[in-house]
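Chemist: Protein sequence lines, in the order shown, are assigned to chains A and B.
The opening position of the first sequence corresponds to residue 1 in our numbering, with each subsequent residue numbered one higher.
The opening position of the second sequence corresponds to residue 1 in our numbering, with each subsequent residue numbered one higher.
These are computed hints drawn from the structure, not numbers from a lab.
Certain hints may be false.
One copy or two, it doesn't matter: identical chains are merged, so the pair holds either way.
Claimed, not checked - DSSO-like mimics (lysine-lysine), calculated; alpha carbons at most 27 Å apart, straight line: (1) K255 x K209; (2) K86 x K34; (3) K209 x K260; (4) K179 x K21; (5) K34 x K163; (6) K21 x K209; (7) K139 x K260; (8) K163 x K174; (9) K148 x K255; (10) K164 x K179.
Because the structure is a prediction, the values reported are computed rather than measured.
There are 2 protein chains.
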Amino acid sequence: MKKYNVAVVGATGLVGREMLKTLSQRDFPIDQLKVIASERSEGKKIQFEDRELTVESVREGTFESIDIALFSAGSGVSKEVAPQVKSAGGIVIDNSNAFRMDPDAPLVVPEVNGEDLREHQQIIANPNCSTIQMVMLLKPLAEKFGLKRLVINTYQAVSGAGKKAVDELIEQTKAYLNKEEIKKENFNHQIAFNAIPQIDVFLDNDYTKEEMKMVNETHKILHDPDLPVTATCVRIPVIFGHGESLNIELQNDFKIEAVKELFSQTKNVEVIDNPAAEEYPLQIDTENNDNVLVGRIRRDNSVENGINLWLTANNLRKGAALNAVQIAEYLVENNLV
Amino acid sequence: MKKYNVAVVGATGLVGREMLKTLSQRDFPIDQLKVIASERSEGKKIQFEDRELTVESVREGTFESIDIALFSAGSGVSKEVAPQVKSAGGIVIDNSNAFRMDPDAPLVVPEVNGEDLREHQQIIANPNCSTIQMVMLLKPLAEKFGLKRLVINTYQAVSGAGKKAVDELIEQTKAYLNKEEIKKENFNHQIAFNAIPQIDVFLDNDYTKEEMKMVNETHKILHDPDLPVTATCVRIPVIFGHGESLNIELQNDFKIEAVKELFSQTKNVEVIDNPAAEEYPLQIDTENNDNVLVGRIRRDNSVENGINLWLTANNLRKGAALNAVQIAEYLVENNLV
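If we strip away everything but chain A, and leave its shape as in the complex, we get:
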């Protein structure tokens, strides 16, 4: 089997480390592996299976002979460095917001629109974590019943904001319990024992960037630019795993049992929906589970063809690293590298 030269850019971050773990767990066919981060981390050692890798920073020639570079180092780095990979002949799979709405960059969840990779021009965008887990459910619903309108509310984990954000939640929580001063650096408001109804910056329309990512990325991934979608994104004091509550209007009538059956037959989706036993998806359940978990599936009688449901997924894996590696796998399996 052919092997590939792979680079992970942002290798020391939460998502970068998860990318390395995922490449190993899924036996991605790697020849050379480069781990790249900022100059601050240069020289650090990272163990990958039986290889001891040394963290490099980006220099001239870094990406020569690299086939696939997985990026998770923020959109500034992506904008600057991704073109270098492309010039050197490699493919970028970028976890940042830099190229997601670029018409030349496919925005891909392999189970949903893997086919879009066939048109790639060496830069491929990995969608926003909250969007990825949601479209895994919207796609089968769209195909079987048609989508009419979508109201999204998120309950997002702090790990979506990186390792420092996780540390801040932990430190603030300890300070609260010890009645000490609560220090804020990464979050603009206290996150310990509090929720913050803002993720990413505000835009001119008074929605946050995160909320508009969910709207615009959903349009692009589902190839349905006119689908009415609205979102409210809220950060809650949970460490790992994003929760989402979806209120969906379908085009056509449905039986609730048929929706449950549809999801139970959808690849990488798991139905956990047993009200009698008080079983439904939890965010803590996603720690060692790569599936999108869905439950609380029930008819919404306040509108025609309405449905409510609740889903959770691991925001660092299916929401980021795993999806990026799945894109790489799709490229390899379909001779698109």
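Fit chain B to the supplied structure of chain A, relying on the hints for placement.
Modeler: Same frame as chain A, but now just chain B:
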């Protein structure tokens, strides 16, 4: 000024203690004051201003000469004991679910439907905490623009489940940080660093009782039994203050500025809505604030006349104790005792 003989039933609980505090803060005209709890708490001392009160349990004659009894001891106690107060000639203001949907019992938020108290038959119901804060905003919207449909998502604090639930969140959080075993007693799932998409028990329609309270109580309070409403209620690891995200379809067109102006003129509602300064209502802001806080007010372009907003309020005060005391004040001011 006339003074009244008052009893607080469930005086040792989170809401009961808040009721006593509120009665004092608002100088409710009290003559005799009885503090009542279960036999377990009998004999405990409670300080109320300069009086040292002794906790009593319910016995024959307990409610003789009581004018107003504020109940917060669970619906079992309310069902059993409230009729005794009524027989003795007193008025019950009940914070439990026992009488809320009873057609003979007014279900009242004084700012919204205080007039309903004029028809009281000695038992008056205090609505569910999540419903109270929401109808404070729905009423002015209904009057000015008309309501068409409502999608509710809640982000509810653990204190809504009582003192033991708060203790459990704290204990689980400590255990998590110390890598010790997480013990569950009050919540069916881990609540530390997790969200639970279930509040109260499940009903036959797969909604929870809390979700259907929000639907049915809203219908009753707004006198609009056909208003399409759907709700998803989620417990998050926050101690005090409920957050809610509302997606509202109005009957008539509106200007966003007119909605903000409307709320800013609504009594006991405070608009905190400055995206440029990243200001919006937080749950921790409600600790010493009795108002309903509203922000993130923005047009929802996914539907005609749509609006999204976010609100928070103190679930123990406006959501429970304060609203109950305000009902008592309304009775006194309007000679309805």
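Chemist: None of the hints should be skipped; say for each whether it holds.
Modeler: Results of checking the hints against the structure:
Taking the closest pair of Cα atoms, K255 and K209 come within 27 Å of each other only across two copies (23 Å); inside a single copy the shortest separation is 35 Å, beyond that limit. Taking the shortest Cα distances, K86 and K34 sit within 27 Å of each other inside one copy (16 Å), while across copies they are farther apart (78 Å). Taking the shortest alpha-carbon separations for K209 and K260, only the inter-copy value of 22 Å comes in at or below 27 Å, while the best intra-copy value is 32 Å. In this assembly of identical chains, the alpha carbons of K179 and K21 lie at most 27 Å apart only when taken from different copies (23 Å versus 38 Å within one copy).
With identical chains, the CA atoms of K34 and K163 are at most 27 Å apart within one copy only, with a shortest distance of 22 Å there and 53 Å across copies. For the homomeric pair K21 and K209, neither the shortest alpha-carbon distance inside one copy (29 Å) nor that between copies (42 Å) is at most 27 Å. When the C-alpha separation of K139 and K260 is checked against a cutoff of 27 Å, the pair qualifies only within one copy, where the shortest distance is 14 Å, while the shortest distance between copies is 37 Å. Proximity of K163 and K174 under a CA criterion of 27 Å is satisfied in both settings, with 17 Å inside one chain copy and 20 Å between copies.
Taking identical chains as interchangeable, the C-alpha atoms of K148 and K255 lie at most 27 Å apart whether they share a chain (17 Å) or sit on different chains (25 Å). Proximity of K164 and K179 under a CA criterion of 27 Å is satisfied in both settings, with 22 Å inside one chain copy and 20 Å between copies.
The structure shown violates just one earlier hint, number 6.
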